[in-house]
Amino acid sequence: MEDREFGFSMSEEQCSMKDTVAKLVKSMVSGNPSHDMDEARALPREIIDKVWELGATVSMVPEEYGGYGMEYSPIMNTIVLEELACGDMALAIAATLPSTFIYTILEMGTEEQKKKYLSLYCDPAYKACTVALNEPRFKFDAVSLETKAEKKDGKYILNGRKCFVPLAKDSGHLLVAAAADSKMELFIVEGNNPGLKIGEREKNLGLYALESYPVVLENCEVSVDDRVGGEKGCDYSRFLQKSRIAMSALGTGVSRASFEYARDYAKERVQFGEPIASRQAIAFMIAEMAYEVDAMRLMTWKAASALEAGRDAKKESYLAKLYAGEMTMKITDYGVQILGGHGFIRENPVERYYRNGRGIAILEGMAMV
Amino acid sequence: MNIIACVKQVPDTEAQIKVKADGSGIEDGQIKWVMNPYDEFGVEEALKLKEKNGGDVTIVSVGPARAMETIRTALAMGADKGIHISDPALDNADAFVTASALAAAIKGLPHDIIFCGQRAIDDDSGQVGAMLAELLGIPQLTLVTKLDFAGSSVKVIRPIEGAQLSIETSLPCVVTAQKGLNEPRYASLPGIMKAKKKPVDVKNAAALGIASDVKAKVAKVVPPPARAAGKIICGDDAAQKAAELARCLREEAKAI
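Here the protein sequences line up with chains P and X, keeping their order. Start counting the first sequence at 1; every next residue gets the next number (the numbering used here). Start counting the second sequence at 370; every next residue gets the next number (the numbering used here).
I should point out that these hints are in silico values taken from the structure, not numbers from a laboratory. C-beta atoms are modelled at their ideal positions from N, C-alpha and C, and glycine is treated no differently. Misleading hints may appear alongside valid ones.
Claimed, not checked - Computed spacing ranges between beta-carbons, pair by pair:
#	chain 1	residue 1	chain 2	residue 2	range
1	P	Glu200	X	Gln533	51 to 57 Å
2	X	Asp425	P	Glu53	21 to 27 Å
3	P	Ala125	X	Asn461	47 to 53 Å
4	P	Lys18	X	Arg616	53 to 59 Å
5	X	Ile625	P	Glu53	50 to 56 Å
6	P	Lys116	X	Gln399	48 to 54 Å
7	X	Gly392	P	Asp36	26 to 32 Å
8	P	Ala125	X	Ala585	48 to 54 Å
9	P	Phe8	X	Ser535	52 to 58 Å
Sequences and hints are given; from them, build the entire structure.
In structure tokens form, the structure reads like this:
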């Protein structure tokens with residue numbers, strides 16, 4: 001019964017949203033702006049604001065909490081993430097980062113948490129909030145965290161270390177994933193909590209434009225009311241599924257960018273009297289890139305559609321993320337290879353896709369559907 | 370304020386246009402269709418006027434069934450309702466028939482100001498706005514790059530070579546939008562979702578009481594001539610090569 005979904009055509013609204021994001025990306029992100037962001041190691045606020053104004057994140061929050069009361073749609077979110085990541089993966093993560101916080105509270109928070117936190121971030125102006133999930137240790141496993149939350153005197157005391165926390169420094173709140181009595185839970189931690197130490201900006205292989213930080217939790221006190229879901233706790237498995245599908249969508253986007261750039265280049269670049277695309281060695285690579293991008297997208301959509309139907313997508317989301325992680329490496333590598341020496345220098349974007357795309361197989365919790 | 374914006378669906382500027390073998394038009398199967406960019410300036414200005422002064426924005430479009438997508442795009446940007454004039458009899462409409470259809474639809478509506486793009490990027494004829502104003506018997510302001518609304522009149526700027534004209538007229542009037550008028554907004558996701566529920570009236574030629582009285586017919590569409598190969602002037606003697614270059618420029622290219 002798990003393979004029930006069978007519809008690959010997009011609705012009019014999905015097409016329209018895809019076109020709108022693609023149009024914005026084309027005019028404000030692709031090409032020079034994306035290159036400049038990477039070089040400057042910073043994302044221009046006006047581009048983040050423009051993406052935020054599309055309202056993709058807040059549209060699915062009920063009006064009573066400051067949103068637009070549209071139907072929650074993981075599929076729509078994968079479409080938006082792919083289009084944004086096709087322009088720039090760092091921007092895609094930063095501009096949709098509040099989704100990681102908002103969707104989690106929306107789906108798993110208590111009524112009080114929704115009232116208190118959603119309106120705070122469903123603002124016409126973009127405000128950063130983030131997730132602290134990854135941990136800086138060998139054999140990091142998202143389902144068995146070393147960060148611990150102990151209940152003491154009516155409070156939770158959090159201790160542990162986190163890394164790759166995007167925009168931690170500017171975030172009003174962080175969702176911190178921690179083990180409470182060996183069950184994984186999420187805690188809402190204020191950015192200025194004295195038990196929270198945000199370290200020096202990380203120097204990463206890719207995603208130069210995205211600020212990320214290590215975070216140390218040292219006897220970080222959190223009210224019991226700020227455990228996501230209250231007494232009941234959160235559905236941590238679903239939280240991971242939403243993150244994994246989002247990472248797959250980002251992988252699809254950055255892979256598609258590399259594929260399209262390399263394909264167009266190969267059709268124009270003449271060597272030995274003909275475009276290199278007419279040489280089989282290149283043509284085969286381009287064909288492989290094309291079908292792997294499609295495969296990645298279909299796996300991502302399949303997982304998202306299971307979530308959208310209200311079903312568990314544990315298997316589908318794991319498979320999509322695993323596949324997207326591996327294939328993004330392969331495709332963005334092909335992108336560099338097809339451009340040859342031109343692919344190795346920074347002036348062509350395939351170099352950036354290669355570095356950014358490498359993160360898909362490693363990172364977690366940086367986006368949400 | 371009753372604001373109307375006329376829009377046309379045109380091939381995307383990046384679409385690769387192929388002319389049909391019989392020269393009757395272009396192959397339109399694989400083309401991506403978008404709102405005419407000049408009409409987008411008109412829609413944006415209409416929305417800005419509405420936001421400042423209240424009222425509503427009606428989108429009017431003449432085109433086949435697919436033109437509905439473009440009307441929905443304008444509704445997603447924030448317009449309130451639409452009129453889609455769709456009739457196979459209008460498939461070969463020229464500027465006059467299009468303007469007649471728009472005028473017939475708009476006559477029945479309260480209208481203070483009507484926006485059109487200064488021209489459509491597909492046929493580049495640039496006549497519809499002017500004809501529409503004439504058919505409605507109201508003033509027209511063309512190629513507008515700035516617009517100020519003051520109660521019962523509008524003041525606009527139209528750039529001309531080396532200067533700009535400041536023109537004022539009473540309402541109602543037709544304004545044709547030029548690049549520079551504004552920066553069209555992107556439709557938001559909530560806007561897109563709401564657009565589906567906004568009313569769009571579909572009308573045919575009979576309902577509007579118009580006929581396809583075409584004044585100008587496209588006789589044939591031909592692709593531009595293929596670019597001829599370049600010419601390389603060879604030789605060891607620079608002076609001789611220069612002389613040959615001058616001769617080519619004068620006699621073959623007729624450039625000097």
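key: Contradicted hints - numbers only   = 7
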